[in-house]
Amino acid sequence: MATSATAPGPVRAAGLAAEEAADRLRRVGPNVLPSSRPPATWRLLARQLTHFFALLLWAAAVLAVIAGMPELGVAIAVVVLVNGVFAFVQEYRADRAADRLRDLMPAAATVRRDGHRLTVAAADLVPDDLVLLEAGDRISADLAVVEAHAIAVDESMLTGESVPRRVTVDERLFAGTYLVEGAASAIVVATGQQTRLAGIAELTRGATRPPSPLAVRLNRVVKVVAAVAVAVGAVFLGTAMLLGAEPIVAFLLAIGVTVALVPEGLLPTVTLSLAWGARRMAGRNALVRRLDSVETLGSVTFICTDKTGTLTRNEMSAVEVWTALGAATVRGVGYQPTGQIDTPAANRDAVADLAYAAVRASSGRLSRRDGQWQPHGDPMEVALHVLALRAGVDVSARERWEPATAIYPFDSRRLRYATVVADTLYVKGAPEAVLSRCPAPPPRCGRSGPPHGRAGPQGTRRRDPPRAWPGCGPRTRRTGAGTARPGRARRPAPAGRGAGRHGLPDRRHPPRHRDR
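Counting in the numbering used here, the sequence shown runs from 853 upward without gaps.
Treat the hints with care, since some could be wrong.
What the hints assert, rightly or not - Restraint-style ranges between C-beta atoms, simulated for each label pair:
| id | residue 1 | residue 2 | range |
| --- | --- | --- | --- |
| 1 | Gly1150 | Phe938 | 47 to 53 Å |
| 2 | Thr1020 | Trp894 | 26 to 32 Å |
| 3 | Ala1079 | Gly1150 | 27 to 33 Å |
| 4 | Leu933 | Trp1225 | 49 to 55 Å |
| 5 | Pro1063 | Thr1011 | 43 to 49 Å |
Everything labelled a hint here was simulated from the structure, so no lab data went into it. Each residue gets a CB set at the ideal place from its N, CA and C atoms; glycine is no exception.
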């Protein structure tokens, strides 16, 4: 059993008392997704052995035995059994899709109880618990935000939208989503089966599959074949009786003709053809859980698909950088901090300064966990951190040596992120929000500027006539970065006028290897 709270109630800085939390857990039950008993295995297998085509073949096998052809009857029965078991395996795997949603619930959560910060099992969360969230945490229950510090939530699992959603106080966070940026405190308002994630799990269990186009057409063919076989058998029975044959001989003749007209090889032929298609698709990294989906995909005319995380790898990479001293091309694989930056020697320090300024005006970072480099926060900002590492900047050491004294997160009104470090203001944001505050005019897209993006001969990029930086190139994302002297930065989000322009990094979504 689980429950939901209609309102977060008064926020208590100390959180729930341990005794009260234990009492609520006994009353409302653990914070887990409800589980329902899956269809019995024997029912799934019986379904594959008793559909219309299978019943027709069973009837043909029985008639073959009656007609004195036991070998044919056994062969037909074996065909039905092998085909049924093969289809049952595919169906069994598909019907376990809802159970995989439980993996989206985290194992632990950080809460405040009795005034102490504790890590408890996610299943032990109860309504009105005060949950403490940091960037990178998976949300354990439906929450109401009571304190937020520039938080953004990845809700792609619920909505399919790859761009993190900015959340403020009194807005809701949903179980199974990620906090990709900032920190927050939130009150639990729904646990267990009352969460939105549980509702999605219930929909996946209750959905019924309509018959595929192949199944509809195949059933129609089988019905026609069965009617023709029975009709022809009846005609032969009547004809044999009119010609004076004994009734038993005429009956066996009619059965033999009827069985001969039943296409015993059609069912395994269809199954093996679909299995071969599924195997070929698996070789291209496309998993097909149901065999008839292969034919359904072949009937598709248009495919509408999300780009980020589907056609691309749900990450960003800095590929080019422009500074006042020239352009630089960045080479590297994924989030690996090792890479190569191709640029004149005079421009290397400028690229490093740009990368460091962009990282200081960001919260996303790259960290090493379990021997692998893992992104932590917004993919765009992680790409900037990778750029800085490839440029030879020891970001961690410099952050320890130069701690931030004030941070002004990005918002939709200012379109920029600012960080004050000692007497320096690092600013990153949209070109129109940064370049307009730089005293020097932005450079133009010439031989050393950003490409317009159209391909030239031999796959090279053609440089178009000069354009202003903010409008150069499609399908890329550019961010301006600069520094300024903030002075007494007491007002929110210092404007940073008179800032020194560092340059523009160009980031792109790398495609998956099979989608190129």
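Evaluated hints:
| no. | hint | verdict |
| --- | --- | --- |
| 1 | Gly1150 <-> Phe938: 47 to 53 Å | violated, 20 Å |
| 2 | Thr1020 <-> Trp894: 26 to 32 Å | violated, 53 Å |
| 3 | Ala1079 <-> Gly1150: 27 to 33 Å | holds, 28 Å |
| 4 | Leu933 <-> Trp1225: 49 to 55 Å | holds, 51 Å |
| 5 | Pro1063 <-> Thr1011: 43 to 49 Å | violated, 30 Å |
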